[in-house]
Amino acid sequence: MLIPKWLTITAWFIFLGAVYWPISRLIFDAIDPNTFLINSGISGNFFLSENQYSLLGRSVKLAAGATGLALVIGVPYAFFVQRIRIWGRWVFQSLYLFPLLIPPYMQTIVWSEIFAHEGWLNRIIMRLHIANSPFDIHNLMGAVFVLAFSYFPFITLLVESGLKNLDSGYEEMALLHGNWFKSLFFVTLPMIAPQVIAGGIFVFIFSIIDFGVPDLLRVKVYPVEIFIEYSAMYNERAAIMLAVPLLLLNSLLIAAGLWVMKDKSFINFSRSQKPFFLIKTGAGNIVAICYCSLIILISVVVPIICLVYMTGDLHSLEKAWIASANSIEFSLLLSIFAALAVVSVAFILAYSLTKTTGKLKLILDYLTQLPFAVPPILLGIGLIKVWNQPVTDWVYGSPTILIVGYLAHLIPFAIRVIYSGLQQIPSAFEEAGLLASNHWWSVQGIVILPMLGSSLLVAFVVVFSLSLADLGTSLLIMPAGSETIPIVIYNYLHYGATSLVAAFCLMLLFFQYSIWFGLTRLYKRVNVSGLT
Amino acid sequence: MKILARFLLIICSWAGTAHADEVVVYTSLDQVFSEPVLQAFERRTGIKVKAVYDVEASKTTGLVNRLIAEKSHPNADVFWNSEIGRTLILKRMGVLSPYVSPSSTAIPARFKDVDGYWTGFAARARVLIVNTQLVDNSETPKSIFDLTQSKWHGKVVMGYPLFGTTSTHVAALFALLGEDKAKNYLSDMYKNGVQIVDGNSVSRDMVVAGSEAIGFTDTDDVYSAIKAKKNVAMVYPDQDGIGSLLIPNTVSLISNAPHLDAGRQLIDYLLSEEVESALAFSESMQIPLREHVKKPEYVPSLSSLHTMNLDYQSIADRMESAFIFSRQLFSR
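These protein sequences, in sequence, are chains A and B.
Numbering of the first sequence is given in my numbering, commencing with residue 1 and proceeding in unit increments.
Numbering of the second sequence is given in my numbering, commencing with residue 533 and proceeding in unit increments.
Chain A extracted, bound-state conformation:
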């Protein structure tokens, strides 16, 4: 073990404290101390009402729809950039991650302007006398559309990694016995099926616990029922019990995802020594370019152009800056600290996972991924219960509580990414490092961390972006006197200040992209190219 035991124990302690302590506290509070029987609080029984079943069904439909569409978008995209020698391949390889910088609520604002009953598109169509308002995004399909275009990069990322890891020898052999079509359907796709399934599970879980997009699109979903129990009926116990079906479903899916992936690497940031192309020339190239361009157009270009148009002029930007400079600074610093904290803890946990074997590894692996299943509102309640104590005022009364919240909510993704990176580092490198130095930190600093650079960078950027866009967790635990930019955006949205909202979104995107770009340049400058 290269990292000392005390550090590993501390990291696990922080992880369990941030994630499992609040959740355990909620579960204990939901148990009647007199009878040790769970009191559902839902009309005195465990069963959901007819309406609740119907809402749960709608949530499943929403998540399944978003997952299906994200697969349709993400899998071909990954295939096109990895297996077809298209013009501008590196551009498409970089751009597909950009939608992760545009939070789903921002996509909702944009697409509502375009596809709403009274939106731009309907107005144009009506002016041309073609039809009377044929589009309306305020329905289940609208939510499916927004969520799919927000989350498809997770699928592309995993499938692309699968394709990089694939031994192209199999595909070459298949090509000898048939055409690229057979090679694709009988060799490539079956071999990357685990990544496709795992990516789909990620999108399903993100979509089923999402509250913001359905809320903005006026689609009633199951998480709203949990919210009602807590926020309107003041029945915390019922809220927790209502969350149980969602928690169970997500827990099963996470287990299925881990089982499907087994020891496979979720994400691979290495550059292939020699990219393998099933299709090198011909019509396939044009189709691939058109397809990838269309996806980037919908997920990146249109939202940004729309935000610029909605902003109107520089005056709105100036006004937005004056109104939110403090919140932007606060949000940026908070997200940077959160990303640093999450990546640091995730690195030690992921490292300890690589050194663990057998059933213990399976259990720990599962434990690290389970936080994905927890709806943010429940996490918020749990965090208040645990941290709002006289001795922990320094945490609860300061932005540190938000960092704890983001850590609890986002660490599974960081662990997954870093763990995948660590899996790709041969143990011989570490052993060689040990010969040169006795100190664990030297070996980590000189050998492991530089080779893990791209994984750490992606984990940092994703956690940073998701923290910057978070509303669900921060809504309940925002310390007094502080305010994050998503909260400012939601406030102005309520007030109907569309141009200011668009200006806030643009500024947020600008800062996010600047930090991403800056980190990538820095990474390249220090010449750390990951495993090649």
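Misleading hints may appear alongside valid ones.
[As the list claims (entries may be wrong)] Derived SDA-like pairs (lysine to any residue); straight-line CA-CA distance at most 25 Å:
hint : chain 1 : residue 1 : chain 2 : residue 2
1    : A       : 359       : A       : 13
2    : B       : 687       : A       : 123
3    : A       : 182       : A       : 285
4    : B       : 603       : A       : 389
5    : B       : 713       : B       : 841
6    : A       : 355       : A       : 425
7    : A       : 61        : B       : 727
8    : A       : 385       : A       : 398
9    : B       : 761       : A       : 124
10   : B       : 580       : A       : 322
11   : A       : 359       : A       : 194
12   : A       : 164       : A       : 429
13   : A       : 319       : B       : 568
14   : B       : 723       : B       : 709
15   : A       : 355       : A       : 9
16   : A       : 319       : B       : 571
17   : B       : 759       : A       : 322
18   : A       : 524       : A       : 450
19   : A       : 319       : A       : 305
20   : A       : 361       : A       : 3
21   : A       : 385       : B       : 603
22   : B       : 715       : A       : 51
23   : B       : 759       : A       : 495
24   : B       : 761       : A       : 310
25   : B       : 826       : B       : 797
26   : B       : 759       : B       : 773
27   : A       : 182       : A       : 72
28   : B       : 713       : B       : 852
29   : A       : 5         : A       : 453
30   : A       : 385       : B       : 600
31   : A       : 385       : B       : 605
32   : B       : 759       : A       : 315
33   : B       : 603       : A       : 237
34   : B       : 761       : A       : 495
35   : B       : 580       : A       : 398
36   : B       : 759       : A       : 112
37   : B       : 687       : A       : 138
38   : B       : 761       : A       : 133
39   : A       : 5         : A       : 344
40   : B       : 603       : A       : 241
Hints are computed from structural coordinates only; laboratory data are not their basis.
Remember, it's a predicted structure, so these values are computed and weren't measured experimentally.
On the provided structure of chain A, position chain B as indicated by the hints.
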């Protein structure tokens, strides 16, 4: 180095806890309206105000939940609620502490808690927003009961009655009409295809956009649309009948508040005539509860309005049954 120094400074400030010369206020009034008032208090007294503002996404109930969750170890000193229903629930749950402010002397008794747990000021009214392009002036409904007529089938929009001022309005109907009549009215609205949306601002936006002809909302939402020169009109309903529901802001001291003195000073300031006047002149268009307070002409005086004749405590008493019924009726 400067950036690093700033980072360190911010970290140090983050680690800091409560100070004596500060006050923590949770407020559900829109930040654009409440922040200037709190900043004015800060400038005047030198007491630093730390505020937590509510967000539309939490349906103006997030802060109430937080106050309940924090009950054993409160962080807030003052709760400035933009409505009254939830304040009454907090009183019942033992979250509030009594304080009778000297600034509240001229406020009519019906807007003050007899035990001093809350005091009302600057009110909004529940009104109808009407799209003037879709509804002819002669057809404009004068009463909320007109909206059950078949000619308004599928043309009316209302916030989800479990949240915000819509829930207070529904509970008020339960209190004023009696449960059976209120249930019948809501059922008739449901049968008449009332569109249920997430909140008042969505109601307003839908009527402004012409997706619906009429919406239930509050005076501040309609006024912001009128000020933006949208084709809408504001109707104070039932002026010849049960009256419009008046929803005052309420301010309360939190039980075991960490900064009691500063909290009391803030309450005194919020209940001052100066603040009522400022809120009347702001875009939130709040109606002063004291007749002699300066206000713009477009803000009606309290005496010129026929308001619902009910005791606010009776709203709190009906809230639970109104919630349960609304949830059953409007769950989709």
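Each hint tested on the structure:
1. A:359 / A:13: Holds, at roughly 20 Å.
2. B:687 / A:123: At roughly 20 Å apart (the allowed maximum being 25 Å), residue 123 (chain A) and residue 687 (chain B) satisfy the hint.
3. A:182 / A:285: holds, 18 Å
4. B:603 / A:389: holds, 11 Å
5. B:713 / B:841: Distance ~17 Å between residue 713 (chain B) and residue 841 (chain B) Cα, so the pair holds.
6. A:355 / A:425: holds, 13 Å
7. A:61 / B:727: holds, 23 Å
8. A:385 / A:398: holds, 16 Å
9. B:761 / A:124: holds, 23 Å
10. B:580 / A:322: holds, 21 Å
11. A:359 / A:194: Holds - the C-alpha atoms of residue 194 (chain A) and residue 359 (chain A) are around 21 Å apart, at most 25 Å.
12. A:164 / A:429: holds, 22 Å
13. A:319 / B:568: Holds, at about 16 Å.
14. B:723 / B:709: holds, 19 Å
15. A:355 / A:9: holds, 14 Å
16. A:319 / B:571: OK: residue 319 (chain A) and residue 571 (chain B) at ~19 Å, within 25 Å.
17. B:759 / A:322: holds, 22 Å
18. A:524 / A:450: Answer holds: residue 524 (chain A) to residue 450 (chain A) is near 11 Å, not above 25 Å.
19. A:319 / A:305: This hinted pair holds, its Cα atoms lying about 20 Å apart.
20. A:361 / A:3: holds, 17 Å
21. A:385 / B:603: With Cα atoms ~10 Å apart, residue 385 (chain A) and residue 603 (chain B) stay inside 25 Å; holds.
22. B:715 / A:51: This hinted pair holds, its Cα atoms lying about 19 Å apart.
23. B:759 / A:495: holds, 12 Å
24. B:761 / A:310: Within the cut-off at roughly 18 Å; holds.
25. B:826 / B:797: holds, 23 Å
26. B:759 / B:773: violated, 29 Å
27. A:182 / A:72: OK: residue 182 (chain A) and residue 72 (chain A) at ~19 Å, within 25 Å.
28. B:713 / B:852: holds, 17 Å
29. A:5 / A:453: holds, 24 Å
30. A:385 / B:600: Answer holds: residue 385 (chain A) to residue 600 (chain B) is near 11 Å, not above 25 Å.
31. A:385 / B:605: holds, 10 Å
32. B:759 / A:315: The given pair, whose Cα atoms are some 20 Å apart, holds under the 25 Å limit.
33. B:603 / A:237: holds, 17 Å
34. B:761 / A:495: Given that 25 Å is the threshold and the Cα spacing comes to 15 Å, the pair holds.
35. B:580 / A:398: Roughly 16 Å separates the two Cα atoms, so the pair holds.
36. B:759 / A:112: holds, 23 Å
37. B:687 / A:138: OK: residue 687 (chain B) and residue 138 (chain A) at ~17 Å, within 25 Å.
38. B:761 / A:133: Distance ~24 Å between residue 761 (chain B) and residue 133 (chain A) Cα, so the pair holds.
39. A:5 / A:344: holds, 15 Å
40. B:603 / A:241: holds, 22 Å
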